[in-house]
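Engineer: As a plain string of letters, each chain reads:
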Amino acid sequence: MAAISWFKDVEAAAPIEVFALTAAFNEDTHEKKVNLGVGAYRTEESKPWVLPVVSKVELQLANDKTLNHEYCPVAGIPTLRSAAAKLLLGDNNAAIKESRVDAVQAVGGTGAVRIGMDFLHSRLGYDTIYVSKPTWGNHKGIAKSLLYKNIEEYRYWNNEKKSLDFENLLEDLRNAPEKSVILLQAEGHTPTGTDPTHDQWKKIAAVIKEKRLFPFFDCAYQGFSSGDLDKDAWSVRYFVEQGFELLAAQSFSKNFGLYNERVGQLLFVVQKSEYLPKVRSQFEIIVRETWSNPPAHGGRIVSTVLNSPELYKEWKETVKTMADRILLMRQLLFEKLKAQGTPGTWDHIVQQTGMFSYTGLSATQSEHLINNYHIYLLRDGRINMCGVTTKNVDYVAAAIHDAVTNVKA
Amino acid sequence: MAAPFVVSAARRMILASSGMKFNQMVTVTQIRSKWDNVEMGPPDAILGVTEAYKKDANPKKINLGVGAYRDDNGKPFVLPSVKQAEKILFDAHLDHEYAPIGGTPEYCKAVAELAFGDGNNVVKNGLNATVQGISGTGSLRIGLAFLSKWYQPSKVVYIPSPSWGNHTPLIKHSGLEVKQYRYYDPKTCGFDFKGALADIGNIPDSSIILLHACAHNPTGVDPKPEEWKELSAVIKKKNLFPYFDMAYQGFASGDVDKDAFAVRLFLTEGHTIALAQSFAKNMGLYGERAGAFTVVCSSEEETKRVMSQLKILIRPMYSNPPVHGARIVHTILSRPDLKKIWLGDVKLMADRIITMRTKIVENLKKEGSSLNWQHITDQIGMFCFTGLKPDQVERLTKEFSIFLTKDGRISVAGVTSGNVGYLANAIHQVTK
Numbered sequence: 001m002a003a004i005s006w007f008k009d010v011e012a013a014a015p016i017e018v019f020a021l022t023a024a025f026n027e028d029t030h031e032k033k034v035n036l037g038v039g040a041y042r043t044e045e046s047k048p049w050v051l052p053v054v055s056k057v058e059l060q061l062a063n064d065k066t067l068n069h070e071y072c073p074v075a076g077i078p079t080l081r082s083a084a085a086k087l088l089l090g091d092n093n094a095a096i097k098e099s100r101v102d103a104v105q106a107v108g109g110t111g112a113v114r115i116g117m118d119f120l121h122s123r124l125g126y127d128t129i130y131v132s133k134p135t136w137g138n139h140k141g142i143a144k145s146l147l148y149k150n151i152e153e154y155r156y157w158n159n160e161k162k163s164l165d166f167e168n169l170l171e172d173l174r175n176a177p178e179k180s181v182i183l184l185q186a187e188g189h190t191p192t193g194t195d196p197t198h199d200q201w202k203k204i205a206a207v208i209k210e211k212r213l214f215p216f217f218d219c220a221y222q223g224f225s226s227g228d229l230d231k232d233a234w235s236v237r238y239f240v241e242q243g244f245e246l247l248a249a250q251s252f253s254k255n256f257g258l259y260n261e262r263v264g265q266l267l268f269v270v271q272k273s274e275y276l277p278k279v280r281s282q283f284e285i286i287v288r289e290t291w292s293n294p295p296a297h298g299g300r301i302v303s304t305v306l307n308s309p310e311l312y313k314e315w316k317e318t319v320k321t322m323a324d325r326i327l328l329m330r331q332l333l334f335e336k337l338k339a340q341g342t343p344g345t346w347d348h349i350v351q352q353t354g355m356f357s358y359t360g361l362s363a364t365q366s367e368h369l370i371n372n373y374h375i376y377l378l379r380d381g382r383i384n385m386c387g388v389t390t391k392n393v394d395y396v397a398a399a400i401h402d403a404v405t406n407v408k409a
Numbered sequence: 001m002a003a004p005f006v007v008s009a010a011r012r013m014i015l016a017s018s019g020m021k022f023n024q025m026v027t028v029t030q031i032r033s034k035w036d037n038v039e040m041g042p043p044d045a046i047l048g049v050t051e052a053y054k055k056d057a058n059p060k061k062i063n064l065g066v067g068a069y070r071d072d073n074g075k076p077f078v079l080p081s082v083k084q085a086e087k088i089l090f091d092a093h094l095d096h097e098y099a100p101i102g103g104t105p106e107y108c109k110a111v112a113e114l115a116f117g118d119g120n121n122v123v124k125n126g127l128n129a130t131v132q133g134i135s136g137t138g139s140l141r142i143g144l145a146f147l148s149k150w151y152q153p154s155k156v157v158y159i160p161s162p163s164w165g166n167h168t169p170l171i172k173h174s175g176l177e178v179k180q181y182r183y184y185d186p187k188t189c190g191f192d193f194k195g196a197l198a199d200i201g202n203i204p205d206s207s208i209i210l211l212h213a214c215a216h217n218p219t220g221v222d223p224k225p226e227e228w229k230e231l232s233a234v235i236k237k238k239n240l241f242p243y244f245d246m247a248y249q250g251f252a253s254g255d256v257d258k259d260a261f262a263v264r265l266f267l268t269e270g271h272t273i274a275l276a277q278s279f280a281k282n283m284g285l286y287g288e289r290a291g292a293f294t295v296v297c298s299s300e301e302e303t304k305r306v307m308s309q310l311k312i313l314i315r316p317m318y319s320n321p322p323v324h325g326a327r328i329v330h331t332i333l334s335r336p337d338l339k340k341i342w343l344g345d346v347k348l349m350a351d352r353i354i355t356m357r358t359k360i361v362e363n364l365k366k367e368g369s370s371l372n373w374q375h376i377t378d379q380i381g382m383f384c385f386t387g388l389k390p391d392q393v394e395r396l397t398k399e400f401s402i403f404l405t406k407d408g409r410i411s412v413a414g415v416t417s418g419n420v421g422y423l424a425n426a427i428h429q430v431t432k
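Protein chains in written order, with my numbering: chain C, 1 to 409; chain R, 1 to 432.
Think of the hints as simulated: they come from the structure by calculation, not from any bench.
Idealized CB from N, CA, C, for every residue including glycine.
When the alpha-carbon atoms are kept at most 25 Å apart in a straight line, the in silico BS3-like pairs for lysine-lysine are as follows:
(1) K172(R) to K278(C)
(2) K8(C) to K304(R)
(3) K56(C) to K86(C)
(4) K272(C) to K211(C)
(5) K75(R) to K339(R)
(6) K202(C) to K231(C)
(7) K339(R) to K258(R)
(8) K87(R) to K65(C)
(9) K97(C) to K316(C)
(10) K155(R) to K8(C)
(11) K236(R) to K8(C)
(12) K54(R) to K65(C)
(13) K237(R) to K8(C)
(14) K8(C) to K149(R)
(15) K311(R) to K144(C)
(16) K231(C) to K316(C)
(17) K56(C) to K83(R)
(18) K61(R) to K432(R)
(19) K144(C) to K304(R)
(20) K162(C) to K231(C)
(21) K65(C) to K339(R)
(22) K54(R) to K278(C)
Residues of chain C placed beyond 10 Å of chain R at every Cβ, according to the derived structure:
(23) L21
(24) K33
(25) T197
(26) S226
(27) L332
(28) G341
(29) T345
(30) G360
(31) N372
(32) Y373
(33) H374
(34) H401
(35) N406
(36) K408
Use the sequences and the hints to build the structure in full.
Structural biologist: Have a look at this one:
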């Protein structure tokens, strides 16, 4: 036997918060437990939901005798790539018509962000990236693992006002060195649920243009914010319209409920169509060196839906259903908190959009909810609105009231 | 809305020659493209073969570049056991909630059992840190990331010469260095045992050594059991870290235990090993990306620490794995009746390959070839290093519409009883 293990110095890594939260929730036997942690949609019955249109397509695929499990092309399923590009940029998008847009299928939204950041760093030589403060828990980790030299933050959330820290955001972008990658969340900002207005986006775009920064959009919730797919894509479309070159990471985890099938893509818009094959070929090399080619099953489902007018229509309506339930829960929670006279202002609950709400609860207050109420949320006070239902909203509101009133922030 | 202004290289030259600085000409409303310097990536050699094959109009054309199993009609093959598993899964109407970062524990246990043998001590004692990976490539990549970060004694991976074309880029992408040890002997079209032993004996202590567990890609040349024992001894002497790539368990000999011989031998001999598994070939699940990476640890406590670090590496790559393929794998491995069917399916595939190898040699003899073609039946697995030279390969392609890579590698999966006669004739023509 080997005398001394090679791995004796491997440290125990801290468990990744959001997954540890779900694990803890699953183990909890308390009858009133509520999971407001991981960003996955839940029904009124607090159950995961397989979209009917997805079930329909899965049945179709299961009965299709012509299908096999052959490798997808490295860049992914062609019909998925083109349909998903149109979904994001619009059917009649000029850049698509000018052949300046292409995409590479990726392993979920994470995989798309990964290969996008990899390309910018390894092929374009960018080594500075700005993410919003706060941002999705994994953004910095991805940049770090790709060895970006400088991982910076632009101010985003004003905790006192519970709103967008806009002037400071602009100032931080103005101070960013040229060629910094600016990671922007297109809609349904994680974790704050607070998006710039159209006017604010215009100003952001102007600064990015002026300072020669590189816009990289993370689009994980198209359709989830407003319930309208086109509305939620406004920011990306505006930038394309303004002549920007950009990357956009698209996820189909939430809006298709296909979390574990890992469907996503990395879209790129370039100035000249002649650049497209070259850029794609470099992405293909990156893909080849990471996972070789993308998983077929989920990609097929999404491609089938996006390319069928009937199924697409059904899916659109389904997305609206999910978004509407979230909006309703926001309204309900807000009203409960007001009715209780819970200290503080709670307008942000209904003003924020998308899956998450940045409640403003502190780490200790959040822990109080977990330990005393078996309500699981992230320590930064982020809650998944999908975890709220008409059955548990009273319980949740009461818990928040208790935390805010009795637990020091 | 004005179109973005692009300053072409020509215009820049004109500006420069007129004494004006380029920067002065560009105002803030103009955006220069960032992609000017992006070069076209080199085309994939193997894909190139398939592309060329597609374009050829010759009705007798044969594609021997394909890296996927084909049945005797040249068609993709969905395994009967896979079809059954899919039906079971479909009827179960499972949801699509996120899998754990490292895949489900049931899947990880099942694949480790398959690799190390039923009732093996590694899994029994919780010594395997196993995570689902994105098929073989993704599993290799996670393992390389882990070793790059946590394996202190060396940052060099030694791979056999030749090896799978993607090993080198994967290793480099993970920040490690690549070196080689002799493996294939072009004189015999067989294993360069002496060369391998000598080179491995000279590898700096504690380096990482990549080994193909069975059905070496691209040569089809595997060490014999006695040779594996000697390799194990010298690897132990040099304290090297064996990293096994097992992409063809069951697919090589038709027997999953036989094909895992080397991996299991190393365990018995007390090596600490890492292993990348793929279910692309042996379950025909290519596009569903089912694989796994395992590190064998020295204690349960160590397994936990290593697992936690593997998750840290997976999260910034793709967060959590795709489940469809893994669910199929687990369904098959966890049901004795289905597993039995699968073992039959994989033997069927392996047997067809073995039969085709035999037929190639038989037909070459029939053609009157006086050359020694024994290596074709000695080699094992999907690929075969024919020994053909580049100019002979070119003739095969140009004159006979037979497509293969320049190194003389053929995918035996592309050979059928319908085309083997034509193939043998062609080979004879270019080698006589």
